[in-house]
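In the order they appear, the protein sequences are chains P and A. Numbers 39 to 294, taken from this note's numbering, label the letters of the first sequence in order. Numbers 118 to 393, taken from this note's numbering, label the letters of the second sequence in order.
The reader is advised that the hints may include incorrect statements.
What the hints assert, rightly or not - Under the rule of at most 27 Å between Cα atoms (straight-line distance), these lysine-lysine pairs were calculated in the DSS-like manner:
1) LYS289/A <-> LYS122/P
2) LYS47/P <-> LYS122/P
3) LYS256/P <-> LYS70/P
4) LYS146/A <-> LYS227/A
5) LYS289/A <-> LYS227/A
6) LYS227/A <-> LYS216/P
Derived by calculation from the structure, the hints in this document are not laboratory data.
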Amino acid sequence: MSVAQISAKGEVTIRDLSKSFRIDGDSLTVLKDINLDISGGESLAIVGASGSGKTTLLRVLAGLTEPDSGSVLIDGEPVHGLGKERAVIFQEPRLLPWLTVLGNVAFGLEVQGIPGDEAAERARHYIRLVGLAEFEGAWPRQLSGGMAQRVGIARALTVQPEILLLDEPLGALDAMTKMTMQEELVRIWTEESVTMVLVTHDLEEAIFLADRVLVLPKTKDTAIRLIDIDLPHPRDRSDPDFVRNRRQLMAEFGLH
Amino acid sequence: MTYDLTGAAQRVRPKWTISAKGISPVLGKAAADYGLIFAFFAGWQIASTVGWLNPAVFPPLDRVAQALWSGITSGALLDDIAISIQRAGIAFISAVGLGIPLGLVMGQIKPVERALDPILQLFRQTSALALYPVFILLLGLGETSKVFLIFWATIFPILLATIGGVKEVDAKLIEMARSFGASRATIFRRVILPASVPSIFVGLRLSATTALLLLIAAEMIGANKGIGFQVMNAQYNFQIPLMFAAIFLLAFLGLAANAVLVLLQRRLCRWSVASQ
Ligand SMILES: Nc1ncnc2c1ncn2[C@@H]1O[C@H](COP(=O)(O)OP(=O)(O)O)[C@@H](O)[C@H]1O
Ligand SMILES: [Mg+2]
Chain P
39 MSVAQISAKG
49 EVTIRDLSKS
59 FRIDGDSLTV
69 LKDINLDISG
79 GESLAIVGAS
89 GSGKTTLLRV
99 LAGLTEPDSG
109 SVLIDGEPVH
119 GLGKERAVIF
129 QEPRLLPWLT
139 VLGNVAFGLE
149 VQGIPGDEAA
159 ERARHYIRLV
169 GLAEFEGAWP
179 RQLSGGMAQR
189 VGIARALTVQ
199 PEILLLDEPL
209 GALDAMTKMT
219 MQEELVRIWT
229 EESVTMVLVT
239 HDLEEAIFLA
249 DRVLVLPKTK
259 DTAIRLIDID
269 LPHPRDRSDP
279 DFVRNRRQLM
289 AEFGLH
Chain A
118 MTYDLTGAAQ
128 RVRPKWTISA
138 KGISPVLGKA
148 AADYGLIFAF
158 FAGWQIASTV
168 GWLNPAVFPP
178 LDRVAQALWS
188 GITSGALLDD
198 IAISIQRAGI
208 AFISAVGLGI
218 PLGLVMGQIK
228 PVERALDPIL
238 QLFRQTSALA
248 LYPVFILLLG
258 LGETSKVFLI
268 FWATIFPILL
278 ATIGGVKEVD
288 AKLIEMARSF
298 GASRATIFRR
308 VILPASVPSI
318 FVGLRLSATT
328 ALLLLIAAEM
338 IGANKGIGFQ
348 VMNAQYNFQI
358 PLMFAAIFLL
368 AFLGLAANAV
378 LVLLQRRLCR
388 WSVASQ
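Chain P on its own, in the form it takes in the complex (with noise of 0.2 Å):
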């Protein structure tokens, strides 16, 4: 059950979030008021038409974009730009091409100061978790896209996070691989038990992955929406509940 997970570290609070772009001197508001409370190790997915805010809101979680208004608290604290509790995953690797798998996932602890050796060890671990064992000595350009964005994931893991916020990282994947790594995204989740806020566009990939999916709503006078996802992980996507809740989902869209 999901909420075996929730322990009390990697708590998000967003308190009356507002951001909005100028565009040719024109304002865009982009999110509008925005309260909304994830619990520590919690797994919530961000829905919403393209446009309706996704990226913004996780960008402001991650402290790579400064909101115009609100607050966003970790564990209680207030937080302004980014920290070490958290870490992105990007929809695209970003990989650095001159360094090794190895190099690559150690970077965010090498960044961080922490020691080579130290830094390979670790990133050792996360390697292996993602199954890509054999490969730490590959350059990026050796990897499949899937390969690739499992390097990325064990690069963000590897600084052991808080909260992992992901923006459609499994978005440029193929069918077939993109089922597999959201059984490892769940696998992942359920080991390290970090607070997980994903953006997709994918529905079932929402109600596979997430405790709680989060509608973004495109005109910004309606209020957000939240709907629970009661099933225990690893969940069966062709059971009846399942194919229930997606159906639920689906008609939030207008979808059959």
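Add chain A with the ligands to chain P, keeping to what the hints say.
Leaving out everything else, chain A with the ligands in the frame of chain P:
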């Protein structure tokens, strides 16, 4: 579960292209790589010996080799080689020493780059040779003006390539590094610098070629020593084999400089496909 390495690790460049039956692979590769140039020299030698080519203009290659050999063993050409390498070397190293750091700074600081770009473009478009008289007026006819001429022409390729390299660093990689808390200095050292290396090497190779080109021009116009001078001088004195010997020396210098840079690039850029 097994993962496939897209076959890239095994995708090594084929060892030979002609693996015809009977011919050993090594010979086949040598024939494919150097066959044409060998045929060119053989054709020259035969045509000149038989008299299809005027041997006064195109002497047989054995006489060119002889002129080269005696020039080197007697030490007569060694002075020329030394001074040429010194001129091009000082100019090239100064251009690299100034061009790369300047390019790294300019590429990162937009206002500096914007302010300097128009004047850079103007300087670059002004042929260095056209400025040689100005350099002579300012620096005299000696070594300084020659070295400065080569330096002047050499710095632009390396500077512009470095700026280009820095500017084209994937902003997403920089943001990735930032997301792990990397400082500006760390981002520069761990992301911007390595990402610019391939582009810098393009500039280095272009600069090396330019350095030799300007070296020859400077030595032909106003020098009494140097390989470029020897080409002109031998022609005046109708020592045609010596003239070709000097020309081949220059070609060899160019090839050697390029080979060194390619080797260095292979070592530094093992990760990139282009260096394979
Ligand atoms: N840095 C920015 N500057 C201007 N507009 C932006 C910026 N980032 C996002 N936007 C705009 O904000 C809206 C929401 O973008 P985004 O959060 O990326 O949506 P999503 O990830 O849901 O597709 C879009 O209309 C986008 O064009
Ligand atoms: Mg997005």
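Hints, verified against the model:
1. LYS289/A <-> LYS122/P: holds (19 Å)
2. LYS47/P <-> LYS122/P: holds (13 Å)
3. LYS256/P <-> LYS70/P: holds (11 Å)
4. LYS146/A <-> LYS227/A: Since the Cα atoms of LYS146/A and LYS227/A sit roughly 49 Å apart, the hinted pair is violated (cutoff 27 Å).
5. LYS289/A <-> LYS227/A: Since the Cα atoms of LYS289/A and LYS227/A sit roughly 18 Å apart, the hinted pair holds (cutoff 27 Å).
6. LYS227/A <-> LYS216/P: violated (40 Å)
The structure does not agree with the numbered hints 4, 6 stated previously, though it agrees with the rest.
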